[in-house]
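J.: Sequence:
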Amino acid sequence: MSKLLVTLMFLSIATASDAADRPDVLIADFESETYGAWQVEGDAFGTGPASGTLPGQMHVEGYKGERLINSFVGGDDSTGTLTSPPFKVERNFINFLIGGGYDETAIELVIEGKVARKTSGPNTASGGSERLNWKTWDVADLAGRSATIRIVDQRKGGWGHINVDQIVQSDRKSQAEPASRELQITKRYLRLPVKNGAQKRRMKFVVDGETVREFEIELADGQPDFFAISDVGPSAGKALKIEVDSLPADSAALEAIVESDKLPNQQKLYQEALRPQFHFTSRRGWLNDPNGLVFHDGEWHLFYQHNPFGVQWGNMHWGHAVSPDLVHWRELPIALYPKQFGDWAFSGSAVVDEKNTSGFGKAEEPPLVLAYTSTGRGECIAYSADRGRTWTEYEGNPVVRHQGRDPKLLWHEATSRWIMAVYQEKKGTTPKDASSRSTRRPT
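In terms of this note's numbering, the sequence shown has 294 at position 140, counting the first letter as 1, and numbering is strictly consecutive.
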């Protein structure tokens, strides 16, 4: 019996070793000017692989070589399919790079006319990035079968395109895999190492089984350019799981995340040589589009579009700062967080509800009310009854379904109503159900 077991163990080890030594089999790298034997239908894919970013498209990155599949030909309303010639499944995995849109944009493995594997693009209706990331299909159970790859773009409108590159059969999974780390939160902040220009990773904070934060970050594997800060004070005393959609197996990025009760370089903050001293700047990350600017109880409140996790546009939050004189500013905690990934908090306005017509505050403590565009839901409001230090999202959001954006709240004295005005993007049109913007309370 022992000899048999030894023999079986030897055969198992030898088989695994042989598999690991087998070279990869390239299905397509799309480095030619034409698609060759691939079949094209529709107008989304053009006559051949794209040389990177197409006209009108955000910057595309993360592909290999000089070309890739990019169905943004003609914009997001073009549709079509691209199908490979038949090939035999010869390895345990099929790895590929994918980016672009979602749902009706996908890459499929087709066997005998049926979809055996399918991966949709990673981005959502309300936003994302044009970076391609590695994905893997486990196809060990399909060994020896004849298959085709079909790249599909059947979506019109926002993110109605797909990017694909470097489709390879391999006995090793793709270069990056999902990773996670769990921390018991004992301090207020998490310091997240950021390297400008690094590959964007999608990161989640999960507490008690629920996602409490989700965002993209250029996570540093080595020396960071700076540390982004996430306030995890509400999770104090709980286990917080940090999940990343993909990391190289040897990455030390998750281990570099540390807790702290202080901001990085707190003593030198706002004294950096290249930081503007007259204009307000956020302590970390990207900002633009001032929102609000209202005066209440001796303070000016400035709200602004903010990416706290990088120096480029993305992850839209509302930052918040106060000043007694419009010159000296103090940054407060973030006022508005995205409801979920892709449902970003875009621009809007702020008001002081002096007479507490909303009922969100008290007669002696009028509430501050924010109106903003939630990219995934519509026009929403949030309010504060403690001078803007904490914010509560109105439970009836969205108060107006998408019919424009960038809402402005105005009190109409003649009718004792709050009016919401929105920016209409299409010329010569009027929003439907305009009466929905007039109400006796900002709801």
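These aren't lab readings, by the way, just hints derived from the structure by calculation. Virtual Cβ for every residue (Gly too), placed ideally from N, Cα, C. A few of these clues could be false.
Cross-link-like lysine-lysine pairs, in silico, BS3-like; alpha carbons within 25 Å at most [said to hold, decoys possible]:
| # | residue 1 | residue 2 |
| --- | --- | --- |
| 1 | K349 | K310 |
| 2 | K341 | K509 |
| 3 | K341 | K289 |
| 4 | K416 | K289 |
| 5 | K272 | K289 |
| 6 | K242 | K341 |
| 7 | K218 | K272 |
| 8 | K289 | K242 |
| 9 | K218 | K422 |
| 10 | K358 | K422 |
| 11 | K218 | K395 |
| 12 | K349 | K268 |
| 13 | K327 | K272 |
| 14 | K392 | K242 |
| 15 | K341 | K310 |
| 16 | K392 | K272 |
| 17 | K422 | K349 |
| 18 | K562 | K493 |
| 19 | K272 | K310 |
| 20 | K289 | K268 |
| 21 | K310 | K327 |
| 22 | K516 | K562 |
| 23 | K341 | K268 |
| 24 | K422 | K395 |
| 25 | K416 | K341 |
| 26 | K327 | K289 |
| 27 | K358 | K268 |
| 28 | K358 | K341 |
| 29 | K358 | K310 |
| 30 | K509 | K422 |
| 31 | K268 | K395 |
| 32 | K349 | K395 |
| 33 | K327 | K395 |
| 34 | K392 | K416 |
| 35 | K392 | K341 |
| 36 | K272 | K242 |
| 37 | K358 | K327 |
With beta-carbon atoms standing in for the labels, derived distance ranges [claimed, not checked]:
| # | residue 1 | residue 2 | range |
| --- | --- | --- | --- |
| 38 | A191 | D292 | 35 to 43 Å |
| 39 | T435 | E244 | 52 to 60 Å |
| 40 | E244 | D443 | 50 to 58 Å |
J.: Holds or violated: K242 and K341, Cα atoms, limit 25 Å.
T.: Measuring from Cα to Cα gives roughly 54 Å; hence the hint is violated.
J.: CA of K358 to CA of K327, is that 25 Å or under?
T.: holds (23 Å)
J.: Going straight from one Cα to the other, do K358 and K268 come out at no more than 25 Å?
T.: violated (34 Å)
J.: Is K310 close enough to K327, meaning Cα to Cα at most 25 Å?
T.: The hint is violated at about 32 Å.
J.: Assess, step by step, whether the Cα of K218 is no farther than 25 Å from the Cα of K272, and give holds or violated.
T.: holds (22 Å)
J.: Decide if the proposed pair is consistent with the structure: K422 and K349, CA atoms, cutoff 25 Å inclusive.
T.: Holds - the C-alpha atoms of K349 and K422 are around 20 Å apart, at most 25 Å.
J.: Check the hint pairing K327 with K272 against an upper bound of 25 Å on the C-alpha distance.
T.: holds (16 Å)
J.: For the pair supplied as a hint, K289 and K268, is the alpha-carbon distance within the 25 Å limit?
T.: With a Cα-Cα distance of about 21 Å, the restraint between K289 and K268 holds, given a limit of 25 Å.
J.: When you check the alpha-carbon spacing of K392 and K416, does it fall within 25 Å?
T.: holds (19 Å)
J.: Starting from K341, check that the Cα of K509 is at most 25 Å away, please.
T.: Violated, at roughly 39 Å.
J.: Holds or violated: are the alpha carbons of K327 and K289 at most 25 Å from each other?
T.: holds (9 Å)
J.: Is K341 close enough to K310, meaning Cα to Cα at most 25 Å?
T.: Violated. K341 to K310 sits at ~46 Å, over the 25 Å cutoff.
Taken one by one, the earlier hints fail for this structure at numbers 1, 2, 3, 4, 6, 9, 10, 11, 12, 14, 15, 16, 21, 23, 24, 27, 29, 30, 31 and 38, listed in ascending order.
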